[in-house]
Amino acid sequence: MTEHIAQANRSPEPASRVGALAAPTEPPVPRRTVTPTGQSNRAGLVPRRFYRSFVGLLVGALGSSFVLAVMVGSVSVPAAAVIRIVADHVGIGGTTDINPAIVQVVWDLRVPRALLTIVVGAGLSVAGAVIQVAVRNPLGDPYILGVVAGASSGAVLVIVLGSAAAAGLGVSAAAFVGALLATSATFLLGRRGARLPPTRMVLAGVAVAYLFSAVTFYLQSIATPNELRRAVFWGLGSVAGAQWSDIGLPMIVVVVATTFLMIQGRSLNALLAGDETASSLGVNVIALQIVLLVTASLLSAVVVAVAGGIGFVGLIVPHVARMLVGADHRRALPVTVLVGATFMLLVDLLARTVRRPSELPLGVVTAAIGAPFFLWLLRRNRASGSM
Amino acid sequence: MNPEWGVQPASFAACAVNVSIDDVRIVCDATLAASPGEVVGLLGPNGSGKSTLLRTVYRSLRPLSGSICVGEDDVWEMTAKRAAQRTSAVAQESVGDFEFTVRDVVELGRGPHKRLLEGDTRQDREIVEDALDRVRMTGFEDRLFVTLSGGEKQRALVARCLAQRSRLVVLDEPTNHLDVRAQFELLDLVRSLGVTALVALHDLNLAARYCDRVYVLDAGRVVSHGLTAEVLTAELLADVFGVVARCEQRSDSTGFHILLLAAVRAHAREAAST
Numbered sequence: 133m134t135e136h137i138a139q140a141n142r143s144p145e146p147a148s149r150v151g152a153l154a155a156p157t158e159p160p161v162p163r164r165t166v167t168p169t170g171q172s173n174r175a176g177l178v179p180r181r182f183y184r185s186f187v188g189l190l191v192g193a194l195g196s197s198f199v200l201a202v203m204v205g206s207v208s209v210p211a212a213a214v215i216r217i218v219a220d221h222v223g224i225g226g227t228t229d230i231n232p233a234i235v236q237v238v239w240d241l242r243v244p245r246a247l248l249t250i251v252v253g254a255g256l257s258v259a260g261a262v263i264q265v266a267v268r269n270p271l272g273d274p275y276i277l278g279v280v281a282g283a284s285s286g287a288v289l290v291i292v293l294g295s296a297a298a299a300g301l302g303v304s305a306a307a308f309v310g311a312l313l314a315t316s317a318t319f320l321l322g323r324r325g326a327r328l329p330p331t332r333m334v335l336a337g338v339a340v341a342y343l344f345s346a347v348t349f350y351l352q353s354i355a356t357p358n359e360l361r362r363a364v365f366w367g368l369g370s371v372a373g374a375q376w377s378d379i380g381l382p383m384i385v386v387v388v389a390t391t392f393l394m395i396q397g398r399s400l401n402a403l404l405a406g407d408e409t410a411s412s413l414g415v416n417v418i419a420l421q422i423v424l425l426v427t428a429s430l431l432s433a434v435v436v437a438v439a440g441g442i443g444f445v446g447l448i449v450p451h452v453a454r455m456l457v458g459a460d461h462r463r464a465l466p467v468t469v470l471v472g473a474t475f476m477l478l479v480d481l482l483a484r485t486v487r488r489p490s491e492l493p494l495g496v497v498t499a500a501i502g503a504p505f506f507l508w509l510l511r512r513n514r515a516s517g518s519m
Numbered sequence: 514m515n516p517e518w519g520v521q522p523a524s525f526a527a528c529a530v531n532v533s534i535d536d537v538r539i540v541c542d543a544t545l546a547a548s549p550g551e552v553v554g555l556l557g558p559n560g561s562g563k564s565t566l567l568r569t570v571y572r573s574l575r576p577l578s579g580s581i582c583v584g585e586d587d588v589w590e591m592t593a594k595r596a597a598q599r600t601s602a603v604a605q606e607s608v609g610d611f612e613f614t615v616r617d618v619v620e621l622g623r624g625p626h627k628r629l630l631e632g633d634t635r636q637d638r639e640i641v642e643d644a645l646d647r648v649r650m651t652g653f654e655d656r657l658f659v660t661l662s663g664g665e666k667q668r669a670l671v672a673r674c675l676a677q678r679s680r681l682v683v684l685d686e687p688t689n690h691l692d693v694r695a696q697f698e699l700l701d702l703v704r705s706l707g708v709t710a711l712v713a714l715h716d717l718n719l720a721a722r723y724c725d726r727v728y729v730l731d732a733g734r735v736v737s738h739g740l741t742a743e744v745l746t747a748e749l750l751a752d753v754f755g756v757v758a759r760c761e762q763r764s765d766s767t768g769f770h771i772l773l774l775a776a777v778r779a780h781a782r783e784a785a786s787t
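As given, the protein sequences belong to chains A and B, one line each in that order.
For the first sequence, this note's numbering assigns the number 133 to the initial residue and increments by one for each residue that follows.
For the second sequence, this note's numbering assigns the number 514 to the initial residue and increments by one for each residue that follows.
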């Protein structure tokens with residue numbers, strides 16, 4: 133891990149001079165003639181002029197995945213019925229003659245679950261994208277600031293020792309508090325004066341994560357098998373049992389924070405070009421970095437508190453989005469949000485269908501599908517430079 | 514190429530600037546000025562404070578005291594965005610591991626002119642294309658920045674400054690890592706733009722050739738300034754840069770040359786300074 137961090141943060145030093153000194157007898161290299169034509173399109177798999185159509189396609193995919201997610205379950209519901217029930221509840225469309233039991237399953241169980249899944253996927257993905265830029269490290273995600281480790285320790289504390297040990301908090305609330313504590317520790321240890329230097333933040337986050345994990349592992353070692361199973365399952369993430377009554381507040385927070393981060397594209401681009409360049413482009417680097425990291429941390433803390441430690445999404449989806457449409461974050465962030473939400477819907481769908489009636493933890497599925505897909509994409513895209 | 518550039522070069526004046534980093538004084542009481550359209554060189558050995566001083570100009574580092582004016586106004590008394598509309602910079606840093614295209618890089622220059630969520634208009638695209646044209650990078654728009662040669666990278670960064678349509682351009686050692694031809698080409702390009710430019714340079718002969726005037730910094734202080742041929746004397750080169758050099762004004766229109774011969778030996782330096 134540290135090796136990667138060191139590599140990611142080193143400033144690349146062109147070797148031309150060294151080479152020239154080492155091999156003085158080499159014949160002069162003829163001046164490179166560049167033919168730019170035929171090399172276009174390496175910026176992203178989707179050509180720039182198709183961006184709008186591509187976003188339209190992604191919106192369609194998200195909508196279809198949502199309908200599909202609501203259709204599938206112990207009772208299958210036809211797509212037309214899903215659409216009618218949803219339309220009915222949001223006030224467009226008349227009364228329906230659909231079986232009230234089906235309506236109840238769809239509206240009270242499956243729709244809130246699917247909506248929560250969407251905001252979880254979108255939130256983790258955009259938080260990951262923003263953290264990657266703010267700490268200027270392609271390995272950045274909500275894990276790197278200690279958010280998930282902190283949340284896990286809070287949740288496991290309540291699961292193993294009972295809610296009295298966490299001042300009467302429930303699992304989600306304790307997870308949220310744990311995430312905030314861990315993230316605050318990362319900020320305090322990583323800051324240098326008012327600045328949040330990327331390398332220090334990453335190192336502080338890794339150290340804090342280990343510290344909180346020590347608490348989690350200790351609690352797991354004294355847990356009963358049943359508690360342990362719950363703790364492990366929580367740690368890998370789930371959106372099962374989502375109800376309208378619990379998801380309202382987290383959803384509002386996630387939607388607001390995601391929207392805020394999603395519109396920071398231009399600033400993120402400037403920040404990505406380096407602190408000094410960003411300053412010369414009129415960006416207040418210190419303030420921007422703090423706002424971005426605090427918002428992304430809060431966002432991930434809320435998501436993780438509700439849905440547990442779903443790994444991989446925050447790390448991978450932003451890279452997939454950049455490979456698709458390039459590193460200009462005005463285009464990459466909306467794609468990140470759409471891909472993250474759709475991916476999460478499909479992951480949850482798989483998680484609850486492959487071993488019916490029991491469910492797999494989401495983290496297992498995200499990694500099992502995500503990693504091979506990402507590696508495939510990486511190989512396909514390797515001609516395009518440093519990644 | 515659109516011959517009408519339409520950006521008025523600004524005058525520049527830094528007055529009694531002091532800068533500290535972590536309580537260490539890096540720049541002491543530096544005063545320098547540039548007339549509109551002038552190319553002014555900043556020379557000095559490593560650690561003399563060139564980059565630090567330049568950072569205060571493009572608002573990357575706030576000075577302890579002193580004023581830095583582009584045109585009539587102090588850059589530290591306006592908003593960051595407004596300052597960026599006047600001053601652009603090519604700093605010494607790499608773009609990092611994420612993959613911008615050349616167009617992405619040049620479009621960054623439009624940022625200071627945009628409100629939140631305001632998209633790029635046809636005019637922005639024209640400005641970006643014009644900037645690429647001026648640095649002879651048309652056709653490179655969709656190339657990834659990391660795949661460019663050193664000279665092409667610097668030209669793309671200069672194009673970003675042009676897209677910013679700033680009245681002052683700050684260049685921090687822009688010729689580093691460039692082959693000799695690319696060094697000449699880059700500075701020819703900077704001169705041809707007609708902007709006011711502050712350029713930190715290591716190569717004294719390039720400074721002599723391309724700068725209207727130079728300022729020499731040593732340990733954070735401006736120790737000499739004026740026309741290059743008058744400032745860069747053998748004595749100053751020994752004192753400040755620690756090199757034995759022969760400076761000669763050729764009559765054959767190739768101008769002023771500095772022949773660097775050797776490092777000044779430590780004891781000779783001490784003897785010279787006492």
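These aren't lab readings, by the way, just hints derived from the structure by calculation.
Since the model is a prediction, treat every value here as computed from it, not as a measurement.
Each residue gets a CB set at the ideal place from its N, CA and C atoms; glycine is no exception.
Misleading hints may appear alongside valid ones.
What the hints assert, rightly or not - Here are some chain B residues the structure puts well away from chain A; computed CB gaps all over 12 Å:
{"id": "1", "residue": "Val537"}
{"id": "2", "residue": "Ala593"}
{"id": "3", "residue": "Ala602"}
{"id": "4", "residue": "Gln605"}
{"id": "5", "residue": "Leu630"}
{"id": "6", "residue": "Gly632"}
{"id": "7", "residue": "Asp655"}
{"id": "8", "residue": "Val682"}
{"id": "9", "residue": "Val736"}
{"id": "10", "residue": "Ala776"}
What the hints assert, rightly or not - Stretch by stretch, here's where chain A covers chain B in the computed footprint (C-beta under 8 Å, at least three residues):
{"id": "11", "region": "617-627"}
{"id": "12", "region": "721-727"}
Evaluation of the provided hints:
1. Val537: holds, 14 Å
2. Ala593: violated, 5 Å
3. Ala602: violated, 4 Å
4. Gln605: violated, 8 Å
5. Leu630: violated, 6 Å
6. Gly632: violated, 8 Å
7. Asp655: violated, 4 Å
8. Val682: violated, 10 Å
9. Val736: The claim holds: Val736(B) sits with its nearest Cβ about 25 Å from chain A, beyond 12 Å.
10. Ala776: holds, 18 Å
11. 617-627: The restraint on the region 617-627 of chain B holds, since 8 of its residues have a Cβ under 8 Å from chain A and three suffice.
12. 721-727: Check failed, 0 qualifying residues.
The structure fails hints 2, 3, 4, 5, 6, 7, 8 and 12 (numbered hints given earlier, in ascending order).
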